[in-house]
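> Residues per chain, in single letters:
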Amino acid sequence: MSTVDVQPKKHKNETWREMKKNKGAYLLISPFFIIFLIFGLFPILFSIYLALSSWDGIGTMEFVGLRNFEFLLTDPLFWKSIANTFIIFIISTIPMIFLALVVAFLLNSSFVKFRGFYKTLYFLPNVTAIVAVAIVFSVIFSPSYGFVNYIITLLGFDAINWHNNAIGVKVAVAAMVIWRWTGYNAIIFLAGLQKIPNSLYEAARIDGASTFQIFTKITIPLLRPVMLFVVITSTIGGMQIFAEPQLLVGNSGGAGGEGLTIVLYLYQQAFVKNLYGYGSAIAIGLFIIIMLFSLFNWKVVQRKK
Amino acid sequence: MSILKKIILHTCLIIGVLISIFPFYWLIVMSTNDSSAAYTFPPVWTFGDQFFVNVQKVFAEIPFLQSMFNTLIVSTLSTVLVLFFSSLAGFVFAKFKFPGKNKLFIFTLTTMMIPAQLSLIPMFIMMQEIGWIDSYKALIIPGLVSAFGIFWIKQYAEGAIHDDLLNAARIDGCGIFRMYWNIALPVLKPALAFLAIFNFMAVWNDYLWPLIVLNDPSKYTLMVALANLKGLHATDHAAVMTGTFLGTLPLIALFLIASRQFISDIAAGAVKD
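Line by line, the protein sequences give chains A and B.
Residues 96 to 400 in our numbering are what the first sequence spells out, letter by letter.
Residues 30 to 302 in our numbering are what the second sequence spells out, letter by letter.
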């Protein structure tokens with residue numbers, strides 16, 4: 096059922112006739128493009144224009160050129176928000192991927208019964224709303240009476256002020272991310288593992304390969320596309336983190352802005368302080384960071400091939 | 030594999046499950062206890078009998094049922110529209126040839142890479158200009174068709190709908206929309222079911238955009254209402270946890286009903302080559 100268009104190049108008139116003949120098809124796909132034009136493309140162009148302006152939403156819009164960007168590059172809070180976002184991303188993604196792999200390997204063992212039951216329970220955190228997760232975790236990580244501090248003091252350590260401590264805030268946010276996404280990614284890894292044909296393992300075993308060799312020479316390479324999917328989606332999600340810190344420590348990002356992520360900073364500048372121009376500059380900064388990351392991921396894959 | 034290994038493996042799996050469901054257990058414990066339970070050390074472990082008292086407090090503090098109803102309306106309407114427009118486009122992309130088709134499809138996929146935050150501020154300004162602040166149009170119309178939905182349906186339709194069937198319909202004088210309605214839709218049901226649950230959950234759980242465009246508490250969706258409840262009651266954990274529990278319950282129920290198919294579809298979508 097090939098859908099690739101293999102017709103030879105046509106004369107312009109013929110293309111036009113072909114298009115007219117297919118006007119029904121164009122009509123049926125048009126809603127997406129109309130919606131995208133109005134609520135996708137236009138806002139992006141508007142965003143660029145706003146980033147070059149100074150506007151509080153009420154007064155007149157003033158064109159200021161690159162001033163917002165100049166300020167952005169020297170704004171310590173912006174850099175702090177980038178650093179915070181990256182730290183949270185790293186301390187959540189690495190343990191999350193590791194744990195997800197472990198869970199996937201365990202679930203993939205041939206004798207595990209009730210696999211569907213396990214999958215459902217592991218997936219459950221992911222369908223729970225971030226708002227709910229953040230509310231529950233802010234209580235679990237509550238500084239004076241929280242469950243985590245209870246465990247810590249039980250083990251003989253001092254309680255940690257999770258809302259005011261530079262690392263504490265980030266750990267609490269990372270814990271929410273890890274809890275919410277480990278199961279999801281484990282299911283994705285499991286699907287990848289189950290796609291590897293059994294005959295490959297059998298052949299390797301007949302050739303006398305050790306378990307470790309089978310793991311490094313067959314499982315890991317064949318799992319790479321799935322790994323890439325998980326890394327890319329986690330990266331994009333990690334750069335956009337907002338609700339977790341906002342609900343944990345508020346719009347300011349907590350004491351000293353230790354929980355201030357890039358999107359939280361964007362939200363704060365645009366919707367709390369009404370600095371639409373500067374907010375747009377932050378949005379464009381975020382977009383560039385995500386693009387650079389995607390490019391980096393893509394380069395890594397290219398090289399490995 | 031030895032018995033010992035099996036025991037270790039199952040223990041690990043069960044510990045993982047316990048960690049997965051612990052916050053839910055905690056949520057229920059807190060919402061059935063008095064709010065003072067949140068301030069006792071060591072923490073209270075067991076269910077209390079204060080659930081209905083807490084429910085009453087939640088209902089008194091925020092228009093909870095109203096928010097639930099709002100969310101239901103928005104999620105349902107959005108899902109119906111997304112299903113319709115996305116499947117229409119997905120079907121056309123999968124089964125018809127027309128000039129520029131591949132370019133248009135690749136363009137559709139590319140739009141998925143744009144982070145939503147990039148257009149957040151201009152979108153808000155637009156909503157102000159056209160008077161959609163506090164209107165559900167702001168939540169529904171911009172997400173009318175999803176690029177992911179188009180992609181998902183196209184992938185499915187390519188394999189599931191037979192060309193012979195469409196050709197026969199064409200000979201009988203069927204128009205493209207009739208083919209969609211009579212032939213494609215029934216076949217696409219499984220793909221539509223997944224898209225429906227996926228979209229419904231996403232809209233139900235959405236937070237940032239509703240937070241920005243809704244000002245009137247009577248218009249709040251559940252997520253905004255819950256965040257608001259948390260802000261109102263920094264100290265009354267029991268009420269906040271009860272609201273959160275009630276607001277999470279419907280979606281958990283929906284997920285448990287549809288989980289098997291939903292999970293395997295998510296996994297299939299991710300490992301597609």
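Everything labelled a hint here was simulated from the structure, so no lab data went into it.
All values reported here derive from a predicted model rather than from experimental measurement.
The C-beta atom is built at its ideal place from N, Cα and C for all residues, glycine as well.
Heads up, a few of these hints could be off.
Straight-line Cα separation of at most 25 Å, BS3-like style, residue types lysine-lysine; simulated pairs [as the list claims (entries may be wrong)]:
1) Lys301/B to Lys290/A
2) Lys290/A to Lys312/A
3) Lys312/A to Lys301/B
4) Lys166/B to Lys248/B
5) Lys130/B to Lys115/A
6) Lys116/A to Lys126/B
7) Lys130/B to Lys116/A
8) Lys130/B to Lys107/A
9) Lys132/B to Lys115/A
10) Lys126/B to Lys218/B
Here are the simulated distance ranges between beta carbons [unchecked claim]:
11) Phe200/A to Ser164/B: 46 to 56 Å
12) Thr40/B to Leu140/A: 48 to 58 Å
13) Pro92/B to Thr311/A: 50 to 60 Å
14) Ser164/B to Leu250/A: 14 to 24 Å
15) Gly188/B to Gly154/A: 55 to 65 Å
> State for each hint whether it applies.
Do the hints match the structure? See the list:
Between Lys301/B and Lys290/A, the direct Cα distance comes to roughly 10 Å. Compliance with the 25 Å bound is thereby established for this hinted pair. Restraint check for Lys290/A and Lys312/A: the C-alpha separation of about 16 Å stays at or below 25 Å, so the hint holds. A distance of roughly 22 Å separates the Cα atoms of Lys312/A and Lys301/B; the hinted pair therefore holds under the 25 Å criterion. Taking the CA atoms of Lys166/B and Lys248/B, the gap is near 12 Å; set against the 25 Å cutoff, the hint holds.
For the given pair, Lys130/B sits about 14 Å from Lys115/A by alpha-carbon distance, which is consistent with the 25 Å threshold. This hinted pair checks out: Lys116/A and Lys126/B have alpha carbons roughly 11 Å apart, not beyond 25 Å. Between Lys130/B and Lys116/A, the direct Cα distance comes to roughly 14 Å. Compliance with the 25 Å bound is thereby established for this hinted pair. Of the pairs offered as hints, the one joining Lys130/B and Lys107/A holds, with about 16 Å between alpha carbons and a cut-off of 25 Å not exceeded.
For the suggested pair Lys132/B and Lys115/A, the alpha carbons sit about 18 Å apart, so the restraint of at most 25 Å is met. Restraint check: the Cα-Cα separation between Lys126/B and Lys218/B comes to about 23 Å, which is no more than 25 Å; the hinted pair holds. Look at Phe200/A against Ser164/B: about 49 Å separates their beta carbons, and that is inside 46 to 56 Å. As the Cβ distance of Thr40/B to Leu140/A is approximately 57 Å, the hint placing it in 48 to 58 Å holds.
In this structure the supplied range 50 to 60 Å holds for Pro92/B paired with Thr311/A, their Cβ-Cβ distance being about 58 Å. A hinted range of 14 to 24 Å is violated for the C-beta pair Ser164/B and Leu250/A, which are about 52 Å apart. The hint said 55 to 65 Å for the Cβ distance between Gly188/B and Gly154/A, and at roughly 57 Å that hint holds.
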